[in-house]
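Q: Chains as they are written, first to last, in my numbering: chain A, 388 to 581; chain B, 388 to 581.
Heads up, none of these hints are tricks.
Copies of the same chain look alike in the list, so a pair counts if it works inside one copy or between any two.
The calculated DSS-like cross-link candidates involving lysine-lysine, where the alpha carbons are at most 25 Å apart (straight line), are: (1) Lys-481 / Lys-555; (2) Lys-436 / Lys-390; (3) Lys-408 / Lys-484; (4) Lys-390 / Lys-440; (5) Lys-484 / Lys-390; (6) Lys-390 / Lys-461; (7) Lys-400 / Lys-436; (8) Lys-555 / Lys-408; (9) Lys-464 / Lys-544; (10) Lys-419 / Lys-408; (11) Lys-484 / Lys-461; (12) Lys-408 / Lys-440; (13) Lys-419 / Lys-400; (14) Lys-419 / Lys-514; (15) Lys-451 / Lys-390.
Quick caveat, the hints were computed from the structure, so don't treat them as lab data.
2 protein chains.
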Amino acid sequence: MIKPLITLTEAFKRFPGIGQKQAERFAFYILKSSEPDMENLISAIEDAKRRIKACPICCSYSEKTPCEICSDDKRDKHIICIVENYTDLLAIEKTGKYNGLYHVLMGVLSPLDGVHQDNLNIKNLIKRLDGIKEILIATNPTVEGDATAIYLSQILKSRELKITRIAKGIPSGGNIEYADEITLVNALDGRKEI
Amino acid sequence: MIKPLITLTEAFKRFPGIGQKQAERFAFYILKSSEPDMENLISAIEDAKRRIKACPICCSYSEKTPCEICSDDKRDKHIICIVENYTDLLAIEKTGKYNGLYHVLMGVLSPLDGVHQDNLNIKNLIKRLDGIKEILIATNPTVEGDATAIYLSQILKSRELKITRIAKGIPSGGNIEYADEITLVNALDGRKEI
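Construct all of the structure, not just a fragment, from the sequences and the given hints.
A: This is how it looks when you write it as structure tokens:
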């Protein structure tokens, strides 16, 4: 293959979930696409890098400093929802059911992948606990997410805080017959009176 | 989602095989990656667009005009291998078993997708037939590839040319038990004395 194509393919191979074949397809897409399309792509990349920053308080992405949520007076400043990353924040915002603040951990404890507590955005969390009444831990219900939730609850338990964890159970539209055992145990443990 | 992120996600959604979720992951990858990484990506895109051109003779990609293969005196100038696209050319080159010229069709006849003979690089093929003794049609053994091969053989048959088609059969390491019927019929039809 020609040198500039190899360089371009290598650059695309760094994209998440992209292997050699798909990176090559991307490189050929670049070759085939029109000049204005390419200018759009490049300016979209440059724009995003220049205009979007991590909020110094909650670490979510925003064009404002602090972000729209942290600087919104209408939001409940007594509760912080801890999420693994910005996309989880977006998913919760989409429900419209949560009106508190957020804190983006930027990952999850995963010693095997070399992610320890110091690699997560935890120090900033400790700094912003004044006036907070509840911490809602919304890390994913995976091994790493659960371990992170336990770790956070341990370092926070000395403070006068209500610490909560999002509910686990059968997803809406799900099927008890096909649910795995752990999910079913969680659903039974978490049963509520109706 | 924030405006520059939406614009970037839309740009990535135009990449082949990329949907909303994967495009979002790419956009976040861009946000998270370092400035030098982004400069590398952008210069790789610009470099590829600026330095790589389609060869005016065979339409394969190259930094040279005409391309390395068309301008190579050591190659057999009496045979042209017709391929659907540049990646097929690369695959055949990798075998080291073919030493003739190529002609890249830039696609394959597919009326349902709006690809007709005028959309393919066929006119340039007709122009370069002087001195050619054999045309090896190496379009894929799909419905569209076969139809394109038949079409090409019909428009070329009035000329004094040997027209050949790559062999179809059981792939190396394949299993007769699991081969589909059409492949098996092709393998039987194409049997050779040993």
